[in-house]
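Those sequence lines, one after another, are chains V and W.
According to the working numbering, the stretch in the first sequence is residues 1 to 110, in order.
According to the working numbering, the stretch in the second sequence is residues 1 to 117, in order.
All clues stand as given, with none of them false.
A few chain W residues that don't get close to chain V, going by computed Cβ distances all over 12 Å:
(1) Thr16
(2) Gly28
(3) Asn30
(4) Glu53
(5) Asn70
(6) Phe75
(7) Ser86
Cβ pair distances, simulated, as ranges:
(8) W/Pro83 - V/Gly9: 27 to 33 Å
(9) V/Ser82 - W/Glu96: 30 to 36 Å
(10) V/Gly9 - W/Thr117: 29 to 35 Å
(11) V/Tyr95 - W/Ala39: 24 to 30 Å
Just so you know, the hints here were simulated from the structure itself, not pulled from any lab data.
Glycine residues also receive a C-beta, built at the ideal position from the N, C-alpha and C atoms.
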Amino acid sequence: QKEVEQNSGPLSVPEGAIASLNCTYSDRGSQSFFWYRQYSGKSPELIMFIYSNGDKEDGRFTAQLNKASQYVSLLIRDSQPSDSATYLCAVLTSYDKVIFGPGTSLSVIP
Amino acid sequence: ETGVTQTPRHLVMGMTNKKSLKCEQHLGHNAMYWYKQSAKKPLELMFVYSLEERVENNSVPSRFSPECPNSSHLFLHLHTLQPEDSALYLCASSQEVAPGVITYEQYFGPGTRLTVT
Chain V
1 QKEVEQNSGP LSVPEGAIAS LNCTYSDRGS QSFFWYRQYS GKSPELIMFI
51 YSNGDKEDGR FTAQLNKASQ YVSLLIRDSQ PSDSATYLCA VLTSYDKVIF
101 GPGTSLSVIP
Chain W
1 ETGVTQTPRH LVMGMTNKKS LKCEQHLGHN AMYWYKQSAK KPLELMFVYS
51 LEERVENNSV PSRFSPECPN SSHLFLHLHT LQPEDSALYL CASSQEVAPG
101 VITYEQYFGP GTRLTVT
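Bound conformation, chain V alone (with noise of 0.2 Å):
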């Protein structure tokens, strides 16, 4: 089982819906959960962090972790052209290590 998956998309949505990026991890332990956005040819961007059960809301993007079913989630409302990226999730595992998943690619459709 590899430690952080995400699937690899594309995920396409229409301009203004909801997009909804899931990862999942193995280390129940985990702690610290982030997510990254990389543009085609950038490097990686950090939008959000979660430590907490719940959810956590930052303008148009939120994220929900639900540590008893180790998975996290970005959800980003009214999604715009410029949201078309691939998000990488992140994982503080509970031995010190950020481990990275393979990121999803999201188009957003005029």
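Chain V is already provided as a structure; the job is to place chain W on it using the hints.
What follows is chain W alone, placed relative to chain V:
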């Protein structure tokens, strides 16, 4: 601009060359990282430095040699690389908030696109 710069942005080198990648962060952070990003593969952590001491080396071949002379600068020295080492090499930094406690909220530089011929 994230406050992390990397040079060069592109590098083509032969298998017998020696070159170095440079990273500089202007964020006042005290932890720095080297990552390798290959096509279709997740980001791979190579090295971690905290307070200028190497705290992690993820079984990276010895042809990659890191150096951290101070908390703002990080180098990756390259020698006798293989074609499979061609990738995007990313530097990142973060802040250690307490002894041994790194936030892991990392800020990445633009990367160096390395091609080994």
